Each structure stands twice: as structure tokens, then as C-alpha cells.
Amino acid sequence: MFLHPCLKDGLREYIVLALHEGLPNGYTLVTPARGWALERRLRQFAQDSSNQRTLQSLVYIHGHRSGMRAPLPVDEVVRQAALLLDSGVLRLAQAPPREAAVSPSFSVPQPGGVPVPVEEPVWLRLQVVDDTTDVPIAGIQLRIQLDDRSEHQARTDSEGRIDLKGVPKGGAHVLSDLEGATLDNTLALVRTGGPWSQQKPAKRGQRARGASGPRFLARVTQHRVIDGETLESVAEMYGLTVEELTRFNWNTTDAADIERHLILDVGCTRKGSRGQYVFTREDDPGILYVPRPEAIPRLPVEHSHILRVKRVPEPRHFLFSL
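Numbering (full-length UniProt numbering), first residue to last: 1 to 322.
Since the hints were derived computationally from the structure, they do not count as laboratory data. On a predicted model such as this, the values are computed, not experimentally measured, just so you know. Any given hint could turn out to be false.
Mimicking DMTMM-like on lysine to aspartate or glutamate, the simulated pairs with C-alpha atoms at most 20 Å apart in a straight line are [unchecked claim]:
#, residue 1, residue 2
1, K165, E179
2, K165, E76
3, K169, E151
Modelling step: build the complete structure from the supplied sequences, incorporating the hints.
Spelled out as C-alpha cells, the structure:
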């Protein structure tokens, strides 16, 4: 006598097997659909309260919420259950039919007169989360280039997500857009992984950090000034204008504001013959921040990808002596 989680759909009955569990006699493994099609099918199953409880129990036991018992929204239960089936952690097997043979609704249609279904739209899902806290980040402005040479401008939603549907097969290049970026609204990419199922997702129940405006990803270089350098020479070194450099560092192009920041933030103490501040090695901290666009090439579509980010610059820790 064996007991397995059971899903029912009219006359059809399925059991759910863990990866290591054998197939009972008389049962037939079925090949689920993938991606959005699988989520849609599970959502139909979850309309039955018994099936919904079964799916939630499976997510608690086999998913990243193991040990948790707080109620989950139906959409989250469906999403996590689909990930477990899609990744092979769980398998479906159809029970022997009680009446005339009924083709399993989860199965991939077999050749031999069965109509070929319409191909499901290809999709891509991104999520941006804080690398330390897993809190999703809203308002991140990104450009996504696809294999058909189309480009999408997108911004992460309140769950830190970007969902694209109907994209071409292949890969996606994720690029940052630095128009309007400043040091205060820019984050640095720490790492990306593969499909969502291979990473720790952001903790559910945590809302994205609010964003009053767009936020940006960039590779930020800390330039340590040396003797004789000026704002003009540093900007030219990195292919920027002085306005772009000062706007990123201090969100200003006003001459008086720039001079104040050079004194307070860079530690400038010396002026040149024309009255402009000139950097020296003794300037403390003597740092200018230079943004460069971020590029993440060839993320496969029909997967969920997590982009883990951090603040720039990282908080400085000061030691005080009394």
C-alpha cells in the first residue's frame, strides 16, 4: 500500500512522485508542458480546493519554503509547483483509467492523427534582488536585446521583475541604460545565475524597495586621483564630459556646487594657475566614481533569471577613538 500526493481532474487521476521514488505498477509517467503552459494547467487544477491543498503541501515539502507553514497566495503556489515539475524535482504519473482510456491532459501529444497544438509563446523572466537581503528592487531601468534584433526598454515592477512574452527563441542580451544615472540611484551587479530553479529566489512577502524614479545598473570604477589631474582630464580619460562626470558623482552641473563637493567629498586643497582645483595624491579620500554600462550576454529565454545587486559605493566603516 502506497500513499502519494494526488491530483484529480474529472476521470483522470495523477500521483506526484519525488525524483527518487519508483513508478507504481499500472501507472504511466506523463510529460508535463513547460513554462507558462504548465503554470496555466496547474492554475486550473488549483481551482479545486483539494488540489490546491496538495500543491501547497508539495511546495512546503520540496520547495525553498521547507519548514514554513504561512499561507501562500495561489499564484505563488502554482509558480513554485511549476518550477519543481519543470526542474524534475517532482514527476507526474497517471493512474490506471477507471473507465475507457482517456488521454492524459498533461501529456505531450503523440503522433498518429492527434492534432498538433499551437506552439506556446516563448517568454523571458528577470528579477533583480539585493544580494545581501534578497529584497526585490523596483524601478531598475534595463534594455533587452533579442535574437531578432528587436530591443525592449523595461523597468522592474514592485516585485523586482520584468516579464516578457512572445519573444523569439534563442538568447537575450541585458544592457544597462545610464541616461539619468547618479551615484545615489545606481546599483552594481554582483552576479547572475542560470534558471531560477538553480538559485535561491527572493523571500516571499518582502516587497520591493520603493523607487521614486528609475534606478540603474552600472560597473562603477573608483578612480584614485593623482598629482596634476583635473575634472577635465579624468572625464576625458573615460570618454565622458565633465557634466556627465559631475552629474553622476553629485547630481549637479552647477560650478559652486561642484567646487563644494571637490572640497568636501574628494578632499581637494590645491588650485591651479587658472583658479580651478587640481588633484594631488594627498587628497583624501581622493576618489571619483566613473560609471560604465553593464552588459549581461546570452541569457537563454524560457527561463527565469535572478540578477543580484549591491549598493555603490559600499558603506564605509569608520573607526573613532576617544
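Evaluated hints:
1. K165 with E179: 26 Å, violated
2. K165 with E76: 19 Å, holds
3. K169 with E151: 14 Å, holds
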